[in-house]
Amino acid sequence: MSLQDVVNVPNNLWVLFSALLVFLMTIAVGFLEIGELGEDHSKSLLKTMLISGSALFFMAFIGFNTAFAPTIRGFIGDPMYGGVFLGGLTPNVAGLLSGVWWSMTSEYFGTGITLGTYFIFEAAFASVTLALVGVIVLKKVKLEAFFLFSIPYFIIIWSLPAAWIWNPTGWLYLMGMRDFAGGLVVHGAAGATGLAFICQIWREEKKKGLKESPKVQISLNPSWLVLSLLLLWIGWFGFNPGSVLAIDYGTEVVVLTTFLSAASAFLSTMFFRYLMTRQNPGLLYAVNGVLMGLIVITPLAGFVSPGVAMILGFVSGPIFLYAETWFSKFKWLSDPIGLFPGHMLGGLFGTVMIAFFAKQAFAAASGFPTLSDGLLFGGGYGAIQQLGIEVFGIVVVMATVFALSYLCLWLIGAALHGITTDYEKEKLIPSSP
Amino acid sequence: MSLQDVVNVPNNLWVLFSALLVFLMTIAVGFLEIGELGEDHSKSLLKTMLISGSALFFMAFIGFNTAFAPTIRGFIGDPMYGGVFLGGLTPNVAGLLSGVWWSMTSEYFGTGITLGTYFIFEAAFASVTLALVGVIVLKKVKLEAFFLFSIPYFIIIWSLPAAWIWNPTGWLYLMGMRDFAGGLVVHGAAGATGLAFICQIWREEKKKGLKESPKVQISLNPSWLVLSLLLLWIGWFGFNPGSVLAIDYGTEVVVLTTFLSAASAFLSTMFFRYLMTRQNPGLLYAVNGVLMGLIVITPLAGFVSPGVAMILGFVSGPIFLYAETWFSKFKWLSDPIGLFPGHMLGGLFGTVMIAFFAKQAFAAASGFPTLSDGLLFGGGYGAIQQLGIEVFGIVVVMATVFALSYLCLWLIGAALHGITTDYEKEKLIPSSP
Amino acid sequence: MSLQDVVNVPNNLWVLFSALLVFLMTIAVGFLEIGELGEDHSKSLLKTMLISGSALFFMAFIGFNTAFAPTIRGFIGDPMYGGVFLGGLTPNVAGLLSGVWWSMTSEYFGTGITLGTYFIFEAAFASVTLALVGVIVLKKVKLEAFFLFSIPYFIIIWSLPAAWIWNPTGWLYLMGMRDFAGGLVVHGAAGATGLAFICQIWREEKKKGLKESPKVQISLNPSWLVLSLLLLWIGWFGFNPGSVLAIDYGTEVVVLTTFLSAASAFLSTMFFRYLMTRQNPGLLYAVNGVLMGLIVITPLAGFVSPGVAMILGFVSGPIFLYAETWFSKFKWLSDPIGLFPGHMLGGLFGTVMIAFFAKQAFAAASGFPTLSDGLLFGGGYGAIQQLGIEVFGIVVVMATVFALSYLCLWLIGAALHGITTDYEKEKLIPSSP
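Protein sequence lines, in the order shown, are assigned to chains A, B and C. Quick note: the first sequence uses our numbering, first residue 39, plus one each step. Quick note: the second sequence uses our numbering, first residue 39, plus one each step. Quick note: the third sequence uses our numbering, first residue 39, plus one each step.
Honestly, the hints are just simulated from the structure, not real lab data. These numbers come from a predicted model, not from an experiment. In this text, a Cβ means the ideal position worked out from N, Cα and C, and glycines have one as well. Every clue listed holds true.
Just the calculated beta-carbon pair ranges, DEER-fashion:
hint, chain 1, residue 1, chain 2, residue 2, range
1, C, 78, A, 464, 27 to 33 angstroms
2, A, 464, B, 438, 51 to 57 angstroms
3, C, 368, A, 369, 57 to 63 angstroms
4, A, 426, C, 445, 52 to 58 angstroms
5, C, 121, A, 145, 36 to 42 angstroms
6, C, 121, B, 136, 39 to 45 angstroms
7, A, 422, C, 126, 21 to 27 angstroms
8, A, 252, C, 126, 45 to 51 angstroms
These stretches of chain A come out as covered by chain C in the derived footprint (C-beta under 8 angstroms, 3 or more residues):
hint, stretch
9, 274 to 288
10, 312 to 324
11, 342 to 352
12, 395 to 405
Some chain A residues near chain C, calculated using beta-carbon distances under 8 angstroms:
hint, residue
13, 51
14, 260
15, 302
Chain A extracted, bound-state conformation (with noise of 0.2 angstroms):
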């Protein structure tokens, strides 16, 4: 054994606990859907649970192939590589019992993840997108045609941002897109998803003769809630610091930099809330002041000092404040659990503050060494250069999530009648006498 072996099995070791953490999260957002709207809700675990098997199920079957194999010219990874099902029933798959997978070798990123590691990891991180993205569904779409949406889903439309942004060969990537832990790659793209829901939806609701969506009342269950967020804050620490897909100094800085962002997104909602009410915000607001925290830090967690993640938290509370009551606005537009103005708008507004914010010596010890210091800490003509990168990279992405997510639900719909539930069985609407 070499000590380079040595080195691996700590990798390894912080990724698999790092897996398990985010493994927590799908159902967690189940946990989160009845602690914001109540126990009647339970349909709401069962979909998580879905969503969860449905990933490991269907990744494993090629999933996890067209995002992570070497890539067929930088567009969608060899849906073969290996065979399907991991290999199906042979040990000869590259590093499955030996060696570490193609990409974790020392000729790209070289923290020494094997197959079965980095599969669970990037399971549970498919996973828990769809599971953002289920949060519209509420009540008003059929399990089946949820279930049914999930499979392409995790076939093709969660893979291909993985494939051009997290694989080393893939074509944003190499033009020198960076999203640390998924601004883009989760929390953008499940915006994208969720607003083809939404169309699909609304199209569905307006030949109902439906003048708006109807929308589901908000019912506080305090400890569920309270609960999920814990689970969901612990998940982040395996979703960021185990994005690092090492264990070394970086590491520990965006243990960091999570944390603190988190904290300080926290006081800053109940700050900025408490003076827009002048009463005491409640538990809803500190939910979602920790939970803005954790989003706006995740596409850029690697690359900042801890002090920077202070700032952006602080400023991410306002954000979501005052985009919450925006998309409020939209009578077409059913979103209890704020999929839009937080995990969308922050995602993707994490994404945009790389180009002004990175400093090269965090990057370099998460593993980005060619990233180059951010606007405000002199980058200059590379951080604009970075800034129009991340810009294309997320109006790219989100049309093709969007568009592909919009294709998918209209064949859905198309065979199944409809995606959306009986509107009156489900109490969304008044039955007619």
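Given the structure of chain A, go ahead and fit chains B and C onto it with the hints provided.
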């Protein structure tokens, strides 16, 4: 510090982490009962706390030695090895402050695990085994009778199968019997002890003049049900991958087989249940599906490929559905949580499957280099021999555990004037007028 | 990369993992309040979220430095060491991106922990200490007063004992005072601050004309109670074993002492309570028994054998039962969760026991090679000296923390026209007609 010490450290860290996850599972079984039977069953939580405490205390007293100390003629671990209570007051116990536990030296398993790490891991296993038994006693068995039973259970009943199969000097181990993480030692044996409880309970119920065993009604509490499932699922992340007793390439495959079997069994249970009833199977089948996949893969998670794990998971769904119907026929058997169709049958089925699906390359990577290929991978005569050994081991262990358990319950019943509660007071039967 | 770096990596991984477990404990205290007092106390969760956020923010601001930077004459850590906010925007902070934190170099503790790891671990400790204090304020103290108090608390009040006892240049540390994981620094000091709250509250209650301090009624919620216990129990897996600040042979013994003391205290509390009342002690005593065992072992978990841990655990049961009765006599004291008979008394009792039960071999293995054997192990004069130092340290720390806390509360009370709530509105006293 030598290179070997450096390797041992991550192995111990991994097993400590796994032990903590397995430790969660005992009280998670208490939440499972509340999730399936309703919040007024809070005694389940006291019971599972009692099991956790008793397991740590009596395994430390002597039970760890009877299972894992060098055996006396392969039959039982030396109860005085290192002294009672893990050496009591002295630091001079092998593996405590330096060196490793005897069976973890390079002469045997060679993973460098110390006494402290190994004790916590195995005490958590013993604890969760009795927690599985405990789902049978709900409302029917006096808490003091159950506690008294736990003492001989942790001192000798749990230890014997472990000494025979997991101790490298045990007679079944030396014969070639293998059981990766406890298809027989945990799940099968829990069924045998559960059967002994059922027999003693039914004997007392007949004396009370009952014509059939009163059944506890299912009354779902979705949030606690899914939280317990989540705890059990992540518990299994320690249960199976931790059973490699090391963190290396083999461990990472066990993570895959465990989680993929769970996902596959979940989808298959939902699918076949839907075929049976043509309606949404609901949360209870979702939870039982995941559990069945985790149970079936347990005895061979370290011996098979990810593809085989998905096949076994898929098959286990209909097995559970069929067995559940079959066991529900017996009027003398009340098994509200599914100990027999789930844990016992699933564990034994998986144990037998070793002889069919094992692949030498995977077994070697998780520390079992002498296991031959299974029948379906050209194992031929060696596989048939393995099949005979596994079946023989199952028969011997189930019979021994049943006999010892029944003997203890008979004695406790005699001492306490019956182990069963006052059924009228517990509202299991209507009060007499 | 040198061999030393390779050793440091698992140490950091272990402490990060431990930090996450300790982080869970703050909000777990919120669930404990809900579990003991009922679900309508959801403000407890907002309070514990506020503590978590404030701890991270103000410890990052300056509190970590005042506790763990090189001290000014042994009295307080240099508040500007490395700069506020962990260096703010610069990567040039010792231990952040390379090297290790000064006190973790081989000149001092030598475990190679970095700034990031150490900060998260200790911020979680500070946070949970205030959470223990917070069980006193339920319904009685304005949330804004409690939040204001948290600022000086994390900047200076929590830091002083840590700087004196855990900082290797602290004056009490240099005198020979030892407190393994916080019997005094956490549990005892939490009691001192709690007492300051009680004094300020009682002073204001007397002004309101009250003859005794209104008590909050116990109203068990079994599921949340046991979930919080489970979170606290696994939290202690990080709290004590993590306090070795390394993963090695000593750590694995601390896992044993921690868990065995818990199990032993649990059985002993149940047993003695049963002797007192001749009926099932119920969940509340089960939970308090486990907690008492965990508290008592905290200050010496790294200094004693597993056998001694079981003895101390066993003794701690009756101590808690007696103290609970004693403290309940005072009409000016409302302590529904048991801060004083549990945390304060248990922590101080354990701290004193160091001088009786410590064994040099165990202390050395967990990083304290200069601690002498205790009185019961032939420590003789050295042990008597240690006893004097421990008692002296307790008196100095308790007095200082009480005085500083009371001063801050007095100032906050003056600024906010009292720290207490409107008792009629909170339904602590009947509304006046």
